[in-house]
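Trainee: Chain by chain, the residues run as shown.
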Amino acid sequence: MTSLILRTTARYLMPLLLIFSVFLFLRGHNQPGGGFAAGLVAAAPFALYSIAFGAVKARHVLQVRPRYLIVTGLLASVVSGAIGMSVGKPFLTGIWGYLYLPGSGKLEIGTPILFDLGVYLVVIGVSLSIIFALEEAE
Amino acid sequence: MNPLLILPILIPLVTAILALLFREARNVQRALSLLGALGLFGASAGLMFDVRRNGIQAAQVGNWPAPYGITLVADLFGAIMVLLAGIIAMAVVTYSLVSVDAKREEFGYHSLIHFLLMGVCGSFLTGDLFNLYVWFEVMLMGSFVLMALGGERGQMEGAIKYVTLNLLSSAMFLSALGLLYAMAGTLNMADLADKFSDISASQPYGVVTTLAMLFMVAFGIKAAVFPLFFWLPASYHTPPAAISALFAGLLTKVGVYALIRVFTLIFVQDAGFTHNLILIIAGLTMVSGVLGAVAQKEFRRVLSFHIVSQIGYMIMGLGLFTPLALAGSVFYIAHHIIVKTNLFLISGAVEKLGRTPVLKKLGGLYQAQPMLAILFLVPAMSLAGLPPLSGFFAKLSLARAGLETGQYIIVSIMLGVSLLTLFSMLKLWNEAFWKPLPASAIGSGGAAGMGNLHTWLISVAFLAAITVLIGIGAGSFFSIALLAGEQLMNPQDYIQAVLGGAR
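From first to last, the protein sequence lines are chains A and B.
Each residue of the first sequence is one higher than the one before, counting from 1 in this note's numbering.
Each residue of the second sequence is one higher than the one before, counting from 1001 in this note's numbering.
Hints listed in this document are in silico derivations from the structure and should not be mistaken for laboratory results.
Misleading hints may appear alongside valid ones.
[Stated by the list, open to error] Derived, one-sided and incomplete: chain B residues facing chain A with beta-carbon distance under 7 Å:
#: 1; residue: I1006
#: 2; residue: L1007
#: 3; residue: I1017
#: 4; residue: G1055
#: 5; residue: I1056
#: 6; residue: Q1060
#: 7; residue: G1062
#: 8; residue: N1063
#: 9; residue: L1165
[Unchecked claim] Partial list, computed: chain A residues near chain B (C-beta under 10 Å):
#: 10; residue: V71
#: 11; residue: I83
#: 12; residue: G84
#: 13; residue: K89
Think of the CB as a built atom: it goes at the ideal place given N, C-alpha and C, for glycine as much as any other residue.
Excised from the complex, chain A in its bound form (with noise of 0.2 Å):
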């Protein structure tokens, strides 16, 4: 049986780590973060949970397989990379739109982050669906 200690960091925690890794996420625009590091900030709850209540309540908490967070992830940069082709321009061309929120200007926004998303959730699928397995081979 684990600590008190541990179960209740990993609960408190989860949050806390999840909304760090969508800050990574959007940072990784311009500066040092991005879809790789943040998908491994977010899979870091869900091992700690793992460890400190097991894997089947942590996959619980998950609610989807890992398996199809890196089926959708891979899915969403191939689909990135075709927008640019669906236009006429080369695979993976950066593709531009603006979003005009009411209140606070335009957002510009494109096919990259698409793609990195794509990379976020095949980060966080291939680390848990690793540690999922290791903690239930015990």
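Using the hints provided, position chain B relative to the given structure of chain A.
Mentor: Just chain B now, with coordinates in the frame of chain A:
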């Protein structure tokens, strides 16, 4: 951008993703895999026709201009290799549907096959050395898992050797890349060729030759040339036949492709040294491979050593370094990929029918399965180089190129090795097919759990037909190979296609 350049990479990728999604639904996964292989074949054939008609195709993925962006190039050589990958994909996937067990399929066999194919096609199409490294890794990741998938004892032993040697080669490749980048400031192959063509004999180009040697060792391990081949016969007979057929057909040839690409495009300044060295290695590879094969007593081990010996022929053309010799190499690679994959597919059926890979315990297959026996003879005799099959013309062109350049020693070695290959193919024929089933094995034989043998033979017959076709239409196939050889000898067109103007 020409979509045909990216499709041979995208189709396997999407197939692999979808096969991963439907891992539990076995039938959906199998249908997807077959569909993906057919799609890859279609796209690769389209690319081949396009390159044949419109010349070298190049594209910049991500739309960044050439020396900085992700370059994809297909010259005739690259397009031929992609087409061969498409053909092999179709044959191996069809064969896998009947021969690979449900458990392996459930663990993602089909998506791994397609990830591997993506890596192979990426390696053939990339125009950048660092991307070549990345595609190598994609391909190796897939092959590592496929090698170990199933977790049988023999497989694990083979996988350890395979993984260790390949990691060593990758490390060497990566350090060579680092040094090259520090020296030239670019890793785009066309840009490198352009920069290095300025290095004249007056300047010290010792560093370039040193780098060339690093690349030769790195690619030499992957291509399994003398003396770096020992991982191959130690591992290729361990996984199921469909997997070893895919490996035997495509993986080492990626190494050969990289050697030919690099030593025709970039490292040609010191050809007197580097290409003569390649020629010596070619001779030693032929001899050591075939002698190893003669000593083997298991079906697939014999075949594995023959891969090594055949690699010698392929790089012999590179060592001779004339358009005719390179055409011979290209033709030889095409012939070899088809024949060797076919022989491994047949070995799967033989081992299943006889329930053992050991030649001594096999026998009587000609009587029991005459169809299989005849289909074995086609690739086996082609491998030995008997006319009118594809192997004869491949060897003929290499021999002619050798005689034209006055390299009589290598030509006599290659003819001697041909005889030993014939001997070794006849050994397989005599042991497995011709001699009666040994008394000790009677009663234990039989094709339990195999289903109808004819379903196993679809891919075998398909590949055998291609072998015969290449033999009959050797003239027209060889003219394409000759064009590919001329393109390789004159890299200006390649450089122009990549660097000249944005597409």
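Trainee: Confirm or reject each hint.
Mentor: Each hint tested on the structure:
1. Taking 7 Å as the C-beta cut-off, the interface hint given for B:I1006 holds, the closest approach to chain A being about 5 Å.
2. Interface restraint check: B:L1007 against chain A, minimum CB-CB distance 10 Å, threshold 7 Å, status violated.
3. Among the interface hints, the one on B:I1017 holds; its C-beta lies about 5 Å from the nearest C-beta in chain A, closer than the 7 Å criterion.
4. Look at B:G1055: its Cβ only gets to about 19 Å from chain A, farther than 7 Å, so that hint breaks.
5. For B:I1056, the interface hint is violated, since its Cβ never comes within 7 Å of a Cβ in chain A; the closest pair sits about 17 Å apart.
6. Below 7 Å, beta-carbon pairs count as interface contacts, and B:Q1060 has one with chain A at about 6 Å; its hint therefore holds.
7. Contact between B:G1062 and chain A, as hinted, is supported at the beta carbon level, the nearest pair being about 4 Å apart and thus within 7 Å.
8. Against a cut-off of 7 Å between C-beta atoms, the interface hint on B:N1063 holds, since the closest Cβ of chain A lies about 4 Å away.
9. With 7 Å as the threshold, the beta carbon of B:L1165 stays out of range of chain A, its nearest partner Cβ sitting at about 25 Å, so the hint is violated.
10. Evaluation of the A:V71 hint against chain B yields a held restraint, the C-beta minimum of about 5 Å falling below 10 Å.
11. Evaluation of the A:I83 hint against chain B yields a violated restraint, the C-beta minimum of about 13 Å exceeding 10 Å.
12. Contact between A:G84 and chain B, as hinted, is supported at the beta carbon level, the nearest pair being about 7 Å apart and thus within 10 Å.
13. Look at A:K89: its Cβ gets to within about 6 Å of chain B, closer than 10 Å, so that hint holds up.
Hint compliance for this structure: hints 2, 4, 5, 9 and 11 are broken, all remaining hints hold.
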